[in-house]
Structures are given as C-alpha cells and as structure tokens.
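Chemist: Residue numbers (my numbering), protein chains in the order written: chain L, 1 to 264; chain Y, 1 to 273; chain C, 1 to 283.
Treat the hints loosely; a few may be bogus.
The following label-pair restraints were derived from C-beta to C-beta distances [what the hints assert, rightly or not]:
no.: 1; chain 1: C; residue 1: D133; chain 2: L; residue 2: Q75; range: 49 to 59 Å
no.: 2; chain 1: L; residue 1: R161; chain 2: C; residue 2: S30; range: 21 to 31 Å
no.: 3; chain 1: Y; residue 1: A94; chain 2: C; residue 2: Q86; range: 24 to 34 Å
no.: 4; chain 1: Y; residue 1: T79; chain 2: C; residue 2: R129; range: 48 to 58 Å
no.: 5; chain 1: Y; residue 1: W98; chain 2: L; residue 2: F39; range: 43 to 53 Å
no.: 6; chain 1: C; residue 1: V235; chain 2: L; residue 2: R161; range: 31 to 41 Å
no.: 7; chain 1: Y; residue 1: A33; chain 2: C; residue 2: E250; range: 33 to 43 Å
no.: 8; chain 1: Y; residue 1: S145; chain 2: L; residue 2: T123; range: 32 to 42 Å
no.: 9; chain 1: Y; residue 1: F58; chain 2: C; residue 2: R129; range: 43 to 53 Å
no.: 10; chain 1: Y; residue 1: E119; chain 2: C; residue 2: G168; range: 34 to 44 Å
no.: 11; chain 1: C; residue 1: D133; chain 2: Y; residue 2: P194; range: 54 to 64 Å
Derived pair list, reagent style PhoX-like, types lysine-lysine, alpha-carbon separation capped at 25 Å [stated by the list, open to error]:
no.: 12; chain 1: L; residue 1: K179; chain 2: C; residue 2: K114
no.: 13; chain 1: L; residue 1: K179; chain 2: L; residue 2: K12
no.: 14; chain 1: L; residue 1: K179; chain 2: C; residue 2: K134
no.: 15; chain 1: L; residue 1: K9; chain 2: C; residue 2: K114
Keep in mind that the hints were calculated from the coordinates and are not lab data. Ideal Cβ placement from N, Cα and C applies to all residues, glycine included.
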Amino acid sequence: MTASINLRKLRKRLFSKTTFRGAVAITLVFAGWELGSRFKMPILGSIPPPSDVLSVLHRITADGRFWHHWLASFQRIFMGFIAAQLVGIPLGLAMAMSLATRRFLFPILEILRPIPPLAWVPTAIIFWPTTESSIAFVIFLGAFFTVVLNVIGGARSIDQRYVRAALSLGSRRRDIFWKIVLPATLPSIFIGMAVGMGITWEVVVAAEMIAGKSGLGYFTWASYVGGNYPQIIVGMLSIGIAGYVSSGLIRAVGKIATPWQRPL
Amino acid sequence: MATGALGIHGVSKVYDPDGARVLAVDNCTLDIAAGEFCVVVGPSGCGKTTLLNAAAGFHDITAGEITLDGRVICSPRHTQPPGAERIVVFQNGALFPWMTVQDNVAYGPVVQGKLSNAEARRQGDELLRELGLAGVGDRYPADLSSGMRRRVEIARALINDPKVLLLDEPFRAMDALTKGVAQEFLLQAYDRMPKTVFFITHDLEEALFLADRVVVMTTRPCRVKEILTVDFERPRSFRVRASRRYLELKTAVFDAVHEEATRAFEAGERELA
Amino acid sequence: MDAATTLEVEGISKRFGKDTTAEPVLADCSFALETRKLTVLIGPSGCGKSTLINVIAGYEKPDAGAVRILGKPVAGPGADRLAVFQETALFPWMTTLQNVAYGPLVQRTRPREKVLEEAARLVDVVGLREFSDKYPSQLSGGMQRRAELARAMINEPTLMMLDEPFRGLDAMTRELMQEYFVRLYEERRLTVLFVSSEIDEAIFLADTLLVMSHRPGRIISRMAIDLPRPRLPSVLTSLEYLHYKSEALELLHAEAMKAFAAGSKAAADFVDAYAARDEGEPS
C-alpha cells in the first residue's frame with residue numbers, strides 16, 4: 001500500500017509542471033552551450049561544445065585508468081574524512097561536556113581553524129613521509145574543524161527540558177551522556193559530516209592538482225596541461241558527481257541513523 | 001451613516017498546488033452589517049483564513065463576489081488590491097521590526113500621503129494611549145511583550161480609519177487571563193469608534209465575549225453552518241462570562257463546532273486528540 | 001506533619017538573575033497539598049507559577065523558604081516529583097514505548113522484562129497501543145501529552161505536577177484531554193498539582209483551587225471545590241459551578257488587570273478608569 005502510493009507520488013512529481021519546466025531549462029542551457037560553442041561566440045567559443053565532451057567521455061569511460069583516478073580520490077577522501085570523524089566527534093563531545101576541556105582547547109582551535117587547509121600543503125609535504133600521507137593530513141584538517149564545531153554546537157544547544165526530564169526520571173551522569181546527549185547531538189553530527197564532506201572534496205581536488213599523481217583533481221589538471229580541453233570538462237563533471245554522491249550517501253546514512261526525524 | 005457593510009455572496013475558492021484541485025471555500029454566503037462585530041469560528045484548516053484573505057484582497061476567488069457597501073471588491077475576474085479600507089491584523093504579528101512603535105503606527109497615513117509625519121505621529125500617540133500603551137512610542141517591537149505588540153498592530157490598523165478590520169486570531173498565543181484583558185482593550189477601542197470587524201478565532205469563549213454574531217463554519221470546504229446572535233449589552237463586562245446565558249451560548253457553539261470537528265476527523269483531516 | 005499532607009511549601013521567595021533591586025517573581029509563597037487530591041493553581045501570566053513548579057521539582061533553588069515532600073526537604077530532581085510541561089519533553093530519539101520505560105530502566109529497580117511489560121501496559125491504558133513504536137514527532141499534541149503522562153505514572157511518583165499541559169491545543173482537543181485526565185486522576189488518585197490559566201479548566205478538574213496573585217506571586221485565596229466526582233461535562237452547567245466561576249473570576253480579573261497595568265503607566269490609567277466604570281454598573 002505504502003509502496004504504491006510512493007510510486008504514484010513519484011510519477012506525479014516526475015511528470016509535473018515543475019519537472020517539465022526544469023527539463024526545458026536544462027535542455028535550453030545545453031542547446032545554448034552547443035550553439036554558442038560551435039559558432040565561436042565570445043567566451044562560449046573557447047569552451048568545447050557538449051558534443052565533443054560527450055565523445056571524449058564515451059572514450060574515456062572505457063579506459064580503466066579513468067576509473068583508477070576515481071578510486072584514488074575516493075580512497076583519500078575516505079581515509080582523511082573517517083579520521084576526522086574519529087578524532088573530531090569525541091573531542092567535540094568532550095569539549096561540550098566539560099568546561100575545563102573547552103577552556104583549554106578552544107583557543108588553540110580558534111587560532112588554527114582560520115588557516116585554510118590548502119595553506120597547510122607545503123608544511124604537510126615537508127613533515128609527512130609520503131605524498132599520500134601529506135594529502136591525507138590536509139584532508140583531515142579540512143573536515144576536522146567543521147566536525148568539532150558542529151558537535152560542540154549541537155551538544156550545547158540541547159534543550160534543557162530533556163536534561164531536566166531525564167534527571168527527574170532518575171538518570172545518572174552516564175545515562176545523561178549516552179541516552180540523552182549523544183542521540184540529541186546525532187543530527188548535528190551528520191550536518192557536520194555533510195558540510196565537512198563538501199570541504200573535503202575541495203581540498204582533495206586542490207591537493208591532487210598541486211601534489212598528486214593520481215585522482216580526479218590530478219586528472220583534470222593533467223588534461224589542462226596536456227591541452228585536452230574536453231577532458232577538462234569531463235574531469236569537472238566527474239568531481240561534481242563524485243561530490244554529490246558522497247554527500248548524498250552521508251545524508252542517506254544520517255536519515256537511517258536518525259529515524260525520529262523522518263516525517264510520517 | 002455607518003459604512004463598511006461586507007457582503008460575501010456565493011464565494012468559492014479553489015487552490016491548485018501542483019495540479020491537485022483543492023476546494024477551500026464552497027459557495028459561502030454571509031452578510032456582515034456595517035459596524036457589526038462578527039466572529040468566525042470553525043475547525044482548523046476549514047478555510048476561514050482563505051475567506052479573510054480574499055476579503056482583504058490578498059488573493060482572488062474562483063466564484064461569487066465580495067462587496068463592500070454594495071460595491072464589488074472581489075470577483076473571479078477582478079480583485080481590488082488590498083487597501084487601507086480593509087486592514088488585516090495577523091496572527092503572528094506583522095509589525096516592521098526595523099521601525100519604532102511610533103513609526104509603525106504612523107506608517108499607513110504617511111505612506112498614503114494622507115497625513116504629515118508630525119500629524120500622523122500625534123494621532124498615533126493618541127491611539128496608543130487609548131490602548132494603554134503611552135510611552136512606548138520610541139521602543140522597537142522586539143522590546144515589547146506579545147500582548148503589547150498586538151495592541152500596537154491594532155493601533156496601526158485603526159489610525160487608517162478602515163471601514164473593515166480583519167483580525168486573524170490575533171490573541172492566539174496568549175494565555176487565557178491575559179487574553180481576556182486584551183479583549184477588553186479591543187472592545188473599548190471598538191466601542192469608541194465602531195467599525196465592521198471580521199474576527200477569526202478558535203477560542204469559543206473569546207468569540208462569545210467579543211461578538212455581535214458568531215458564525216460557525218463547516219469543515220473544509222467551508223460554508224456557513226450556523227449563526228448565533230450574542231445578545232449581551234455593550235459595553236461588555238468580564239462578569240458576563242459567569243452568567244447563565246453565556247453558558248447556554250457556549251454549549252450551543254461548542255456543539256456546532258464539535259459536530260464539524262468530528263466530521264473533519266472522520267474525513268481524515270485531523271486526529272481527535 | 002499531617003499524614004494527609006504530601007507537599008509543604010513554606011515562604012518561598014525567588015528573584016530572577018543577580019539584580020537584587022529587581023522585583024522578585026515569588027515572595028513568601030506558602031501552601032500545602034492534601035494527599036490524593038487534585039489541587040489547581042491559577043494566576044495571571046508572569047506570576048511565577050512555572051518558577052514554583054521548577055523549585056518544587058528541584059530544577060531551581062529558591063532564595064528563601066523550604067519545600068518538603070512527605071516531610072523530607074527537597075534537594076534536587078527526583079522520581080518522586082515528576083512534572084509534565086506545556087512543551088513536550090518526550091525524548092525525540094526514542095519511541096513511545098522506550099520513553100515510557102525510560103525511568104524504571106535507568107533507575108534499575110526492576111528487571112528489564114518486567115519494566116517493558118509494565119510500559120506496554122501503560123501505553124495501552126493511555127490508548128496509544130498502535131503508536132508504541134512511533135516517535136514523538138509522529139504523534140499529535142494530545143497523544144504526546146498522554147505519552148508523557150504514562151512516562152511519569154510508571155514511576156508511581158509521590159507528586160505529579162502539570163504546568164499548563166493543555167495550553168496550545170485547540171479547544172476541541174483541550175476539552176477531550178481535560179475529560180481524559182480527570183478520569184485518569186479519579187481512577188488512580190495520585191496527588192496532583194495542576195497549573196492552569198483557564199478558569200473553566202481549573203474548576204472542572206480541582207478539589208482545591210489556589211489563586212495566585214500577580215508578580216510577586218503569593219497565594220491569595222484557597223477555594224474548596226465541592227463538586228461531585230466523577231466529574232462529567234454536565235457539571236459545567238450546574239449552578240454551583242457558575243457560583244465558583246463567578247467568585248474565581250472576580251479575583252482573577254483583578255489580578256490579571258494588575259499584571260497588565262504593570263506594563264505601562266497608561267495601562268494603569270486604563271485599569272483605574274475601567275474600575276470606576278465598573279463601580280457604576282448594576283450587579
């Protein structure tokens with residue numbers, strides 16, 4: 001019963017006026033791009049037309065090396081991002097719960113945070129043994145600060161009435177942490193993750209352009225250096241899609257982990 | 001001669017969000033006499049606000065017509081844009097947060113060019129004093145309690161000398177006792193310069209305390225189900241709430257609304273607690 | 001201490017913040033609650049009713065005075081004094097059943113299976129059996145209130161407090177919740193302190209009505225409501241009911257006006273003018 005209702009809703013959405021208008025708009029953009037490019041209009045004339053991009057795309061996706069770049073980027077993302085969560089979440093919670101910890105660590109964080117992750121690249125290359133580890137470190141930094149701040153913010157903005165109710169019902173400190181603070185902060189944790197993921201992708205791409213030998217960022221940069229312009233666009237689209245998929249994955253996991261926020 | 005007779009004749013309104021035709025108001029007819037205090041009640045979501053918005057000129061209607069003193073102001077072909085003769089006081093408050101209380105109240109006449117800045121301010125202060133708000137003129141809305149903000153909005157409406165005052169659950173968020181006092185302030189202003197009032201509320205006690213007539217609407221799509229005349233003298237005293245007659249009226253209104261609410265529940269529109 | 005008194009509140013005073021020149025919210029507030037009776041506290045907004053509940057619940061400490069429950073002074077929050085507020089405090093990340101079972105589970109006084117059995121039974125009693133695995137965001141306002149009542153009752157508290165729990169519900173739901181709650185009370189006869197700002201609700205529920213003054217809050221009247229139990233909606237049309245309402249209305253209107261007037265001098269003028277007009281009225 002529910003499944004068929006969802007299907008009907010989906011079909012309605014797909015074939016609604018809004019989707020139609022959206023589809024028309026996108027088609028017009030592509031048509032404009034194709035024409036502008038072919039007819040050497042200002043600016044558009046120097047960009048390869050979508051038809052060229054599509055033929056390059058067709059060729060490239062058959063080539064194994066292209067997918068190797070995808071894998072390389074995702075691997076870096078994975079390592080750096082997970083590390084940031086593993087360190088950042090407990091740290092954020094500790095800082096939220098304890099005034100002493102917060103007073104001690106917050107100033108350090110506030111000084112380091114404004115330094116853009118990419119500014120760390122030269123330092124990272126010097127101090128970390130391998131290129132891989134230096135890129136992973138920069139990625140870690142990118143996600144780390146976002147995570148910590150979101151966790152602190154989320155944990156400290158828990159509505160007082162939940163804590164009071166829990167206390168009245170006989171909870172001890174342990175119960176308050178595990179049964180109240182943690183679940184209540186979960187939505188903020190996932191927000192931090194989703195935002196952090198976006199930052200992570202930016203960092204990865206840039207780091208690969210500067211220091212890498214593989215990955216989608218490297219691929220895009222190498223295409224530029226090698227003069228293969230349609231391939232640049234392929235690279236850009238790939239990065240966009242990869243980022244979208246990653247964020248989507250996090251949002252999906254977040255939804256499963258926080259079932260109470262699902263509307264009926 | 002009193003003006004401001006509001007006529008709602010056979011009004012229907014269809015909403016069309018994404019192709020789902022929703023009939024919000026269905027062939028609703030109601031004649032409000034000039035200077036009458038008319039309170040509209042009914043189950044939530046039944047379309048009362050839609051009717052108010054149409055009367056104010058915020059959107060059009062699909063059928064029928066709305067007249068003001070016999071002149072058509074809203075029909076399927078033409079909607080007269082909202083104007084100072086039909087002023088709305090909203091549920092959530094629409095005071096301009098970036099203006100002081102005094103500037104808020106003076107806004108209407110000044111922007112219409114009807115009064116000079118100084119004169120508008122003077123009249124505004126006068127109205128504020130009548131509503132028990134002297135001395136708050138140069139404060140910002142954020143500094144006032146919600147009860148005070150409501151009264152400022154009423155002053156902002158009244159300074160334009162509208163023919164019709166449309167109020168959409170203006171006291172909704174207040175607790176019962178404060179609400180009672182706010183109602184008395186409103187009635188005092190009303191007694192002084194009677195205008196046609198179209199007042200929507202959920203609070204049946206409020207309806208009976210304020211109204212000349214209480215109009216009970218059916219569940220969506222809304223039309224008039226029943227009209228009760230409230231025959232208490234004006235000026236109304238708070239003691240009227242403890243009278244037998246008040247109790248009788250309250251039972252009658254409650255039964256009528258209850259019937260509609262049950263219908264709404266059975267139609268799946270709401271949970272019954 | 002009288003065995004028939006569950007709660008004693010003596011001389012409670014409290015002011016907000018550190019400013020010692022600010023007017024206190026409560027001043028020398030004292031009353032006692034009879035065991036197994038439903039006492040309703042009514043007063044204008046801002047009179048300190050909610051602060052009083054917070055003090056009795058142990059969430060805040062008074063500046064002066066004492067609160068004793070069954071003779072013992074109150075030291076902090078505890079499962080013997082449970083409160084239900086206007087804004088639901090059901091844990092959003094737990095289902096109805098998990099919420100209701102929370103207290104006993106976390107207190108570890110009974111084995112887990114027994115607790116879950118009891119919780120399921122109570123969820124059934126409050127009519128939420130089909131919603132026991134739903135989250136609070138999926139429940140209507142009335143249902144949330146019922147779930148919170150169950151969550152409190154499973155702990156068999158010495159004192160149940162409710163702070164305007166039905167405020168914000170529409171008139172229909174509110175009336176139904178009042179009838180529902182009074183039945184629940186009459187079946188179990190817990191000691192209840194119920195805060196309200198609606199006269200009809202207050203009289204309908206109460207054995208005893210305590211009227212509070214406007215800020216600084218203190219008790220200015222104690223009315224015994226001698227209406228028969230079980231309370232049925234028809235009681236609202238009786239003469240005695242009207243008599244109680246009339247008496248309470250006089251007191252409360254005066255206090256509400258004072259609270260209103262406290263906002264500005266002109267409001268005070270209005271209140272005076274209103275009072276003068278009032279005097280000239282035939283009764």
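Chemist: Against each hint, give a clear statement of whether it holds in the structure.
Modeler: Hints, verified against the model:
1. Evaluation of the 49 to 59 Å hint for D133/C and Q75/L yields a failure: the beta carbon distance comes to about 40 Å.
2. Checked against the hint of 21 to 31 Å, the pair R161/L and S30/C passes, with Cβ atoms roughly 27 Å apart.
3. Remark: the range hint 24 to 34 Å for A94/Y to Q86/C is upheld by a beta-carbon distance near 25 Å.
4. One distance hint, 48 to 58 Å for the beta-carbon pair T79/Y and R129/C, holds here, with the actual separation near 50 Å.
5. A beta carbon spacing of about 50 Å between W98/Y and F39/L agrees with the range 43 to 53 Å that was offered as a hint.
6. Separation of V235/C from R161/L is about 33 Å and conforms to the stated range, judged on CB atoms against 31 to 41 Å.
7. Between A33/Y and E250/C the CB atoms are about 34 Å apart, so this pair conforms to the stated range of 33 to 43 Å.
8. Taken as a hint, the range 32 to 42 Å is violated for the pair S145/Y and T123/L, whose Cβ atoms sit roughly 56 Å apart.
9. Separation of F58/Y from R129/C is about 44 Å and conforms to the stated range, judged on CB atoms against 43 to 53 Å.
10. A hinted range of 34 to 44 Å for the beta carbons of E119/Y and G168/C is consistent with their spacing of about 42 Å.
11. At about 56 Å, the CB distance of D133/C to P194/Y agrees with the hint of 54 to 64 Å.
12. At roughly 20 Å between alpha-carbon atoms, K179/L and K114/C fall within 25 Å of each other, so this suggested pair holds.
13. Using a Cα cut-off of 25 Å, the hinted pair K179/L and K12/L is violated, with the two alpha carbons roughly 41 Å apart.
14. Using a Cα cut-off of 25 Å, the hinted pair K179/L and K134/C holds, with the two alpha carbons roughly 18 Å apart.
15. With a C-alpha separation of about 44 Å, the suggested pair K9/L and K114/C falls outside the 25 Å cut-off, and the hint is violated.
In the structure shown, a violation is registered for the earlier hints numbered 1, 8, 13 and 15, in ascending order.
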